[in-house]
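Visitor: Each protein sequence line maps, in turn, to chains A and B.
In the numbering used here, each residue's number is its place in the first sequence (first place is 1) plus 4.
In the numbering used here, each residue's number is its place in the second sequence (first place is 1) plus 202.
Please keep in mind that the hints were generated in silico from the structure rather than gathered at the bench.
Idealized CB from N, CA, C, for every residue including glycine.
Some clues are possibly wrong.
Below, a sample of chain B positions facing chain A; criterion: calculated Cβ distance under 10 Å [said to hold, decoys possible]:
1. V224
2. R228
3. V230
4. D412
5. M672
Quick partial rundown of chain B residues pointing at chain A, CB under 8 Å, derived from the structure [to be verified]:
6. I206
7. G415
8. R419
9. V665
Far from chain A by the CB rule (all over 12 Å, computed), these chain B residues [as the list claims (entries may be wrong)]:
10. E207
11. R282
12. R283
13. V286
14. S289
15. R295
16. A391
17. R479
18. L482
19. D498
20. Y519
21. G556
22. G630
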Amino acid sequence: MAVVVGVGNPTMGDDGVARAVVRELDGANDGGPETAFVGTTALLALEAMDGASRAVVVDAIDAEGPPGTIHRVRADDDGAAAEVLMHDFTFASAIRRCRSAYDLPERVAVVGVVPARIEPAVGLSPSIERIVPDLAAAVDAERTADRPSGGDRFMNASWYCVDCEAEIEAEAVDDHERQGHSVRGRLRPERLLSGDPWEAGESHNAGERPEGGVE
Amino acid sequence: MPEIEIDPTTRIEGHHSTTLSVADGRVVRAESEMNMFRGIESIVLGRRPSDVPQVTQMVCGVCFTCHRQASILAIEDAARRAGVFGSVPETGRLLRDIMEGMFLLWNHAIHLFTLAGPDYSDAVADTGFARLDPVEGDGYRAALDQQRRLLQGFSEFGGRAPHPLTYAPGGVVSDPDPETIEEVTETMAALDEWLGPTGELEATIERARDRRGPTDRAPGLYDVCSVLVAAAEEGADGFGVGPGRFYANGMFYGTGDESLVLPPGIYRDGTLTRPTREELVEGITEDVSHAWYTEDSGGSPGDSPPPEPAPEKPDAYSWGKAPRFEGDSMETGPLARLVAAERDPGRLRESLGGGRRRSNTFNRLAARVQELLLVREYVLEWLDALDPSGETTASWNDEFSGRGVGFWGASRGALSHWVEVTDGEVTGYQLITPTTWNLGPRDADGEPSVFEAAAEGIPVPDVSAPIDVMRTIRSFDPCLGCGVHVHGGGESFETTIEPHAPGGE
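When you get a sec, could you build the whole thing from the sequences and use the hints?
Guide: Shown next, in the form of structure tokens:
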């Protein structure tokens, strides 16, 4: 299960953009994402993510580009990349410290937008208001993109040490090389990343899979 | 310094592999290996000239039309030089242009969505562009539908696809009526609508950069721009840098004067020239010092015999020869063609690729997007100009002796066929393909091919997943031909073939 977590302060102008996005997603709810708007409270964010397999955090972020620029940061590695959030705690440290207390998702992504105005005010500036549907779509895309990470998605690698005359693990390549051994790799790329195109979604034009499959 | 063999490197066809030496996290040497013997040149010997296009187009199921076209051009050139042939009527030329153009669009769509595009999808590289995900992405599926329609439209004129039947020495033997032309025009209009206006390139790049999703006006444009945005973000303007020498054969006759719509060009040392036919014939040679062929098989393609395999040859590592122009390796492909044509729609290469004449992985992708948009417009113009009552073919007779060369463009780059006809029978044949220009082996001086040079220096942070090397190989759109023809004289062979399932063993 994926959860969308909105972060921000709606009394600080565009910092409330995440609440608007959460409302947009709730409005279009067709059994879609579970959402939570948590304000600026880290504990509520952790509560919201508890038990989820992945989380998408929405916020106004201090990043490159003109107001309205949408950024996507993936934080598979304990939320390290989530330092961009503009609040008094960081997701990185919160997630790192609270792993033992909560059942937190392995993958946390941040979808952020560059704000036009951060000052005491209620309501979004017009340029950010306009971007809310796009931001909601970006969040939804992030939530549904479901892939394992790492190079093994597109490459199958096997390693062989010529001196030991044995197959070795990828992690052992450096060790063998340090000992002066000659190491060879054989990489077989995944071609279309899908083992069986017949099972690639229900709306496939080619229709039913033939009896007995393709041999 | 581990040595890594990547095999296969291509997403369809399994005949190319690459061996990399990696030191200090960078590629220090690459060897590009073509793992098949084509042998088409040997098969056409002794046949009548007008039979030859039917054979040569079967060199591949992806690049079929251009091998038919280049073969026809070579044979017509030989007949013209022998004084027995004039020219193809304009309607016939235009029909060929339309078919070749549709074929090129189909091929570029395959490249951008199936062969190279997935390297920039969310599934492979966490780019956020899930529409590009192979098989499942909405963009991928929409493109697949357009590809299907393009080939259906193509076969209205060509008889079938792959391996059409209608263009032949002298012209085109189909004579389409206005309804057929209208049907093909509708197919192209659907493609036009899917792609969207070329003028929105820059705005669509911005849209893709913000991951805002496609508009109804230009869904295809959004997806091809997504490939470019992801490539730019992955730093593709900084890797896959070739030697910066470009070679393009001209292609498409169009409706204007004798000049070609995409002109020929040689770009070296900062200078663009327009080579004449004679300069190309004189300048092009093939080197076989690292290819599994006898030494006699190299040299000037007009004079050398068809390739004679020498599979035990020391120092050889490829079934591809090493073509050179005046001794230089030359990059060919859409980037070379647009450098030659001095076109850069949307200023993509100037603004995102480090310069419109820079050789790098990003610019190769960008030029394919640009050519897709340009040729789409040309094909629509040509369909509009097509006269259903015009003559499509001139009379043709195989009985002559002479030599000719057909220079044309495959979607992957410069293609040439070289023919010698003696008393109505083919006595010499060579074909030089874009993939041997780009991904051939080293030459006698040890000078690497364009890809081998471009791979050197690419950072490889994870030796188990050198994705930027893969992206660079695929940016050349390598295609090594489906036609594995083994001729065994009087013997017979029996073998069991297990077809590849996509992605799996």
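Visitor: For every hint, state whether the structure bears it out.
Guide: These are the hints, each one checked on the structure:
no. : hint : result
1   : V224 : holds (9 Å)
2   : R228 : violated (15 Å)
3   : V230 : violated (14 Å)
4   : D412 : holds (4 Å)
5   : M672 : holds (6 Å)
6   : I206 : holds (4 Å)
7   : G415 : holds (5 Å)
8   : R419 : violated (16 Å)
9   : V665 : holds (6 Å)
10  : E207 : violated (5 Å)
11  : R282 : holds (44 Å)
12  : R283 : holds (45 Å)
13  : V286 : holds (48 Å)
14  : S289 : holds (43 Å)
15  : R295 : holds (36 Å)
16  : A391 : holds (21 Å)
17  : R479 : holds (40 Å)
18  : L482 : holds (36 Å)
19  : D498 : holds (34 Å)
20  : Y519 : holds (15 Å)
21  : G556 : holds (20 Å)
22  : G630 : holds (38 Å)
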